[in-house]
Amino acid sequence: MRNLTVEDSGTYQCGVDIERWTDTYRPVKLKVKADSCCGNSMSETLYVGGIVNISCSFSESTRSDPMFLYKSVDTAVCTYKTSITESRRWINEGNSLLYDDRAKQMLTVTIRNVTVQDFGTYWCGAESDWESDHGYKVYIAQIYLRVTGEWIPY
Numbered sequence: 076m077r078n079l080t081v082e083d084s085g086t087y088q089c090g091v092d093i094e095r096w097t098d099t100y101r102p103v104k105l106k107v108k109a110d111s112c113c114g115n116s117m118s119e120t121l122y123v124g125g126i127v128n129i130s131c132s133f134s135e136s137t138r139s140d141p142m143f144l145y146k147s148v149d150t151a152v153c154t155y156k157t158s159i160t161e162s163r164r165w166i167n168e169g170n171s172l173l174y175d176d177r178a179k180q181m182l183t184v185t186i187r188n189v190t191v192q193d194f195g196t197y198w199c200g201a202e203s204d205w206e207s208d209h210g211y212k213v214y215i216a217q218i219y220l221r222v223t224g225e226w227i228p229y
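Just so we're aligned: the sequence shown equals residues 76 to 229 in the working numbering.
Hints are computed from structural coordinates only; laboratory data are not their basis. Note that the Cβ used here is the ideal one computed from N, Cα and C, for glycine as well. The reader is advised that the hints may include incorrect statements.
If you anchor each label on the Cβ, the simulated ranges turn out as follows [stated by the list, open to error]:
#  : residue 1 : residue 2 : range
1  : N167      : E82       : 36 to 44 Å
2  : E94       : S139      : 42 to 50 Å
3  : R177      : V107      : 19 to 27 Å
4  : T223      : P141      : 31 to 39 Å
5  : R101      : V123      : 17 to 25 Å
6  : T97       : N188      : 50 to 58 Å
7  : R164      : Y87       : 47 to 55 Å
8  : S136      : T99       : 49 to 57 Å
9  : T190      : R101      : 39 to 47 Å
10 : G124      : E94       : 44 to 52 Å
11 : T99       : E119      : 38 to 46 Å
12 : K179      : M117      : 16 to 24 Å
13 : K104      : G124      : 41 to 49 Å
14 : W165      : M117      : 38 to 46 Å
In silico DSSO-like cross-links for lysine-lysine, where the CA-CA straight-line distance does not exceed 27 Å [what the hints assert, rightly or not]:
#  : residue 1 : residue 2
15 : K108      : K146
16 : K146      : K106
17 : K146      : K104
18 : K179      : K146
19 : K108      : K179
20 : K179      : K106
Turn these sequences into a full structure, and let the hints guide you.
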């Protein structure tokens, strides 16, 4: 589900359609909350070899949750990039650095030495325990990165 609004809150049916079997459905309650801190999106055009800094603010309600960065592969799938559970500590993941400042409620992501493979849509946000029946992810910001040409340093 994408581009949700508060009006989308409600009970939905989630199920699997299997030929020659009775379909099974499970109710899923969805509650969409508006928060002035979040929901922003940005678009950046980068050069190969360049660097980008992305800042994602998050709400008080997610302050204790691990923050994450995902990359959308297509309209239905995201590949996990990395998450961070400690405040005020840089986490190195490939060509990405993440820094979570819980006091300022800000996740900073730096992507260095940008390649054409870095092109795409990213999501930063907070995640809750997926092991429980109440697990969920909170998507805070959408970042679209375009990668073009070659970066020429000064």
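Outcome of the hint check:
no., hint, result
1, N167 - E82: 36 to 44 Å, "holds (41 Å)"
2, E94 - S139: 42 to 50 Å, "holds (44 Å)"
3, R177 - V107: 19 to 27 Å, "holds (24 Å)"
4, T223 - P141: 31 to 39 Å, "holds (33 Å)"
5, R101 - V123: 17 to 25 Å, "violated (46 Å)"
6, T97 - N188: 50 to 58 Å, "holds (53 Å)"
7, R164 - Y87: 47 to 55 Å, "violated (38 Å)"
8, S136 - T99: 49 to 57 Å, "violated (33 Å)"
9, T190 - R101: 39 to 47 Å, "holds (41 Å)"
10, G124 - E94: 44 to 52 Å, "holds (51 Å)"
11, T99 - E119: 38 to 46 Å, "holds (43 Å)"
12, K179 - M117: 16 to 24 Å, "holds (18 Å)"
13, K104 - G124: 41 to 49 Å, "holds (47 Å)"
14, W165 - M117: 38 to 46 Å, "violated (21 Å)"
15, K108 - K146, "holds (23 Å)"
16, K146 - K106, "holds (24 Å)"
17, K146 - K104, "holds (26 Å)"
18, K179 - K146, "holds (24 Å)"
19, K108 - K179, "holds (21 Å)"
20, K179 - K106, "holds (26 Å)"
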